[in-house]
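Enquirer: Those sequence lines, one after another, are chains A and B. In this text, residue positions in the first sequence follow the numbering used here: the first is 16, and each later residue adds one. In this text, residue positions in the second sequence follow the numbering used here: the first is 16, and each later residue adds one.
Listed below are several chain B residues computed to face chain A (Cβ distance under 7 Å; list not exhaustive): (1) Gly112; (2) Leu140; (3) Ser146.
The hints are simulated quantities; they were obtained by calculation from the structure and are not laboratory data. Cβ atoms here follow ideal geometry from the backbone N, Cα and C, with glycine treated the same way.
2 protein chains.
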Amino acid sequence: MQETEIATLGEFGLIDKLTEGFECRNASTLRGVGDDCAVVDTGDLRTLITTDLLLEGIHFDLTYVPLKHLGYKAVVVNLSDVYAMNGTPRQITVSLGISKRFTVEHIAQLYQGIRAACDEYGVDLVGGDTSASVTGLIISITCLGEAEKDDIVYRSGARDTDLICVSGDLGAAYMGLQLLEREREAGAGQKDFQPDFAGREYILERQLKPEARRDVIAEIRLLGIKPTAMIDISDGLSSELLHIAKQSNIGCRIYEDRIPIDYQTAIMAEELNMNLVTAAMNGGEDYELLFTVPLHQHELVEQMKTARLIGRVTKPELGNFLVTRDNAEIEIRAQGWNAF
Amino acid sequence: MQETEIATLGEFGLIDKLTEGFECRNASTLRGVGDDCAVVDTGDLRTLITTDLLLEGIHFDLTYVPLKHLGYKAVVVNLSDVYAMNGTPRQITVSLGISKRFTVEHIAQLYQGIRAACDEYGVDLVGGDTSASVTGLIISITCLGEAEKDDIVYRSGARDTDLICVSGDLGAAYMGLQLLEREREAGAGQKDFQPDFAGREYILERQLKPEARRDVIAEIRLLGIKPTAMIDISDGLSSELLHIAKQSNIGCRIYEDRIPIDYQTAIMAEELNMNLVTAAMNGGEDYELLFTVPLHQHELVEQMKTARLIGRVTKPELGNFLVTRDNAEIEIRAQGWNAF
Numbered sequence: 016m017q018e019t020e021i022a023t024l025g026e027f028g029l030i031d032k033l034t035e036g037f038e039c040r041n042a043s044t045l046r047g048v049g050d051d052c053a054v055v056d057t058g059d060l061r062t063l064i065t066t067d068l069l070l071e072g073i074h075f076d077l078t079y080v081p082l083k084h085l086g087y088k089a090v091v092v093n094l095s096d097v098y099a100m101n102g103t104p105r106q107i108t109v110s111l112g113i114s115k116r117f118t119v120e121h122i123a124q125l126y127q128g129i130r131a132a133c134d135e136y137g138v139d140l141v142g143g144d145t146s147a148s149v150t151g152l153i154i155s156i157t158c159l160g161e162a163e164k165d166d167i168v169y170r171s172g173a174r175d176t177d178l179i180c181v182s183g184d185l186g187a188a189y190m191g192l193q194l195l196e197r198e199r200e201a202g203a204g205q206k207d208f209q210p211d212f213a214g215r216e217y218i219l220e221r222q223l224k225p226e227a228r229r230d231v232i233a234e235i236r237l238l239g240i241k242p243t244a245m246i247d248i249s250d251g252l253s254s255e256l257l258h259i260a261k262q263s264n265i266g267c268r269i270y271e272d273r274i275p276i277d278y279q280t281a282i283m284a285e286e287l288n289m290n291l292v293t294a295a296m297n298g299g300e301d302y303e304l305l306f307t308v309p310l311h312q313h314e315l316v317e318q319m320k321t322a323r324l325i326g327r328v329t330k331p332e333l334g335n336f337l338v339t340r341d342n343a344e345i346e347i348r349a350q351g352w353n354a355f
Numbered sequence: 016m017q018e019t020e021i022a023t024l025g026e027f028g029l030i031d032k033l034t035e036g037f038e039c040r041n042a043s044t045l046r047g048v049g050d051d052c053a054v055v056d057t058g059d060l061r062t063l064i065t066t067d068l069l070l071e072g073i074h075f076d077l078t079y080v081p082l083k084h085l086g087y088k089a090v091v092v093n094l095s096d097v098y099a100m101n102g103t104p105r106q107i108t109v110s111l112g113i114s115k116r117f118t119v120e121h122i123a124q125l126y127q128g129i130r131a132a133c134d135e136y137g138v139d140l141v142g143g144d145t146s147a148s149v150t151g152l153i154i155s156i157t158c159l160g161e162a163e164k165d166d167i168v169y170r171s172g173a174r175d176t177d178l179i180c181v182s183g184d185l186g187a188a189y190m191g192l193q194l195l196e197r198e199r200e201a202g203a204g205q206k207d208f209q210p211d212f213a214g215r216e217y218i219l220e221r222q223l224k225p226e227a228r229r230d231v232i233a234e235i236r237l238l239g240i241k242p243t244a245m246i247d248i249s250d251g252l253s254s255e256l257l258h259i260a261k262q263s264n265i266g267c268r269i270y271e272d273r274i275p276i277d278y279q280t281a282i283m284a285e286e287l288n289m290n291l292v293t294a295a296m297n298g299g300e301d302y303e304l305l306f307t308v309p310l311h312q313h314e315l316v317e318q319m320k321t322a323r324l325i326g327r328v329t330k331p332e333l334g335n336f337l338v339t340r341d342n343a344e345i346e347i348r349a350q351g352w353n354a355f
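Please construct the entire structure, taking both the sequences and the accompanying hints into account.
Expert: Structure below.
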């Protein structure tokens with residue numbers, strides 16, 4: 016038998032290969048693989064479905080992530096996918112694989128975080144599966160959301176001349192992770208090591224306790240903005256821009272001087288001698304919303320407090336480029352986080 | 016901090032503790048934790064949700080389970096939960112954690128099985144998440160089903176004097192597992208060892224390629240039988256009877272001579288010197304349907320080809336008993352499979 020290493024395809028390549036030729040046969044299945052959520056026709060409303068698998072040693076490191084924060088974040092990353100379709104999350108299921116080193120009290124802490132996220136976002140925990148695991152903690156969460164038929168925003172709706180917007184700021188969660196890893200290394204083997212996080216609270220919180228941008232969706236609705244395409248930024252701005260470009264068959268220009276970056280992110284990048292724009296473009300785990308808006312809604316976009324204009328949609332043959340401060344054009348490539 | 020080993024609570028105890036006090040706040044959430052599926056109000060129809068986590072080294076052993084069979088079974092166990100609510104499965108999401116020893120071809124085999132189950136049962140694969148894992152294969156599947164509001168059958172609806180029925184036969188999957196493990200041990204270290212499975216095909220198939228009992232649901236509908244409670248048998252008849260007893264607040268009497276057992280199961284138990292009734296009561300992984308029917312539908316139950324009468328529902332204070340061939344009464348205790 017031929018043996019192809021999974022790393023040669025990467026996550027998206029593997030998914031494309033595996034799901035090739037899977038046809039949806041139920042009339043109620045409106046959208047399958049390939050967006051932030053699947054979409055199911057359930058009468059008056061559409062049901063949105065998304066799922067995330069979080070694995071110890073791959074997605075999180077319990078030496079510096081408190082279990083309560085992990086539970087909160089595990090829920091939030093799913094909710095973010097539902098908001099990215101312009102939907103409202105309603106229910107989650109939580110499946111856990113738990114190795115012998117975890118006690119009931121550990122898992123209760125994890126659930127405190129899960130519960131806090133459910134409370135914060137008004138979501139119901141409706142089921143799950145719990146099992147022993149051979150090694151490490153496994154968290155699999157599925158979220159159901161709902162949306163009116165005409166409200167759903169896919170990745171595929173961006174059109175030439177649309178405006179490209181992003182919420183919040185980028186790169187902070189990634190720099191928070193760098194800080195946590197630096198302090199872990201500094202403290203390795205030392206018994207009473209106290210990491211120094213003063214003045215870094217924002218980037219830490221972005222890494223440890225991200226929020227789903229429900230407020231952005233609320234502001235969009237309030238202003239009457241109707242995004243043509245939307246995606247949440249989990250793998251980095253570059254990767255998500257390319258998803259929209261591919262699925263909408265468009266090109267894009269974004270402007271370096273428009274990319275929102277917090278000053279703590281900038282200071283941390285400086286200190287670690289890392290390229291700030293690279294961190295913002297490819298860092299991942301921002302859970303901000305990237306969306307496109309028709310040009311005629313330009314004035315409404317300018318009024319937004321939670322998001323800003325960072326570029327524009329072009330014809331596909333013009334490619335995908337970052338325009339730097341000195342007007343150089345750098346092609347955007349996916350350097351998104353690849354777990355393989 | 017207090018440290019309580021999870022094994023002291025077991026799976027159900029842990030779930031009870033963790034989900035205690037979680038209240039459902041969305042009007043659309045009709046049923047949360049505690050049945051085969053959660054139930055969501057989505058307009059005309061109800062949406063059913065169920066999820067299962069399958070872990071290498073805990074739920075399956077790839078030394079004797081082909082990946083294609085594993086993929087098929089991983090889907091079927093979820094569909095079984097939807098049928099157990101008298102619903103129709105429609106969509107699944109599949110999340111995979113994959114360690115380095117797996118190639119693209121391995122995962123393609125797994126997906127062949129997933130696809131075969133989707134084809135067989137008319138279910139759509141609509142999403143998922145794929146990631147590297149540190150060790151072993153992780154499969155997390157969530158299934159959405161639909162049902163008319165009045166068709167849904169919960170675990171809680173059994174009433175005194177109802178008849179207790181079970182489909183197919185019991186204990187075969189468990190004896191198939193025993194056979195596979197015996198042959199694995201016999202072949203350990205031998206290069207060209209050929210296990211001898213002649214005349215054992217049925218119990219092997221029950222272990223490796225179980226089916227969800229869609230045909231039982233079809234026959235129930237055809238005959239006009241309306242079950243009052245239903246559950247699928249994943250952890251063994253004893254465990255599932257006690258779930259219905261607890262949630263319906265009833266007692267039960269089932270009769271040893273009525274428990275359906277295939278002759279291959281009986282021969283294997285004899286050969287391995289195991290108690291046949293124990294295997295049938297506690298074996299697990301049967302994926303048969305256990306259901307209760309009002310007494311007045313007795314004649315309809317007698318006409319069923321896919322299921323048979325095994326006992327009757329009593330008042331709760333009469334307890335839960337197995338009546339043996341020599342009329343002894345043995346209290347039914349959950350010896351269900353416990354992954355902790």
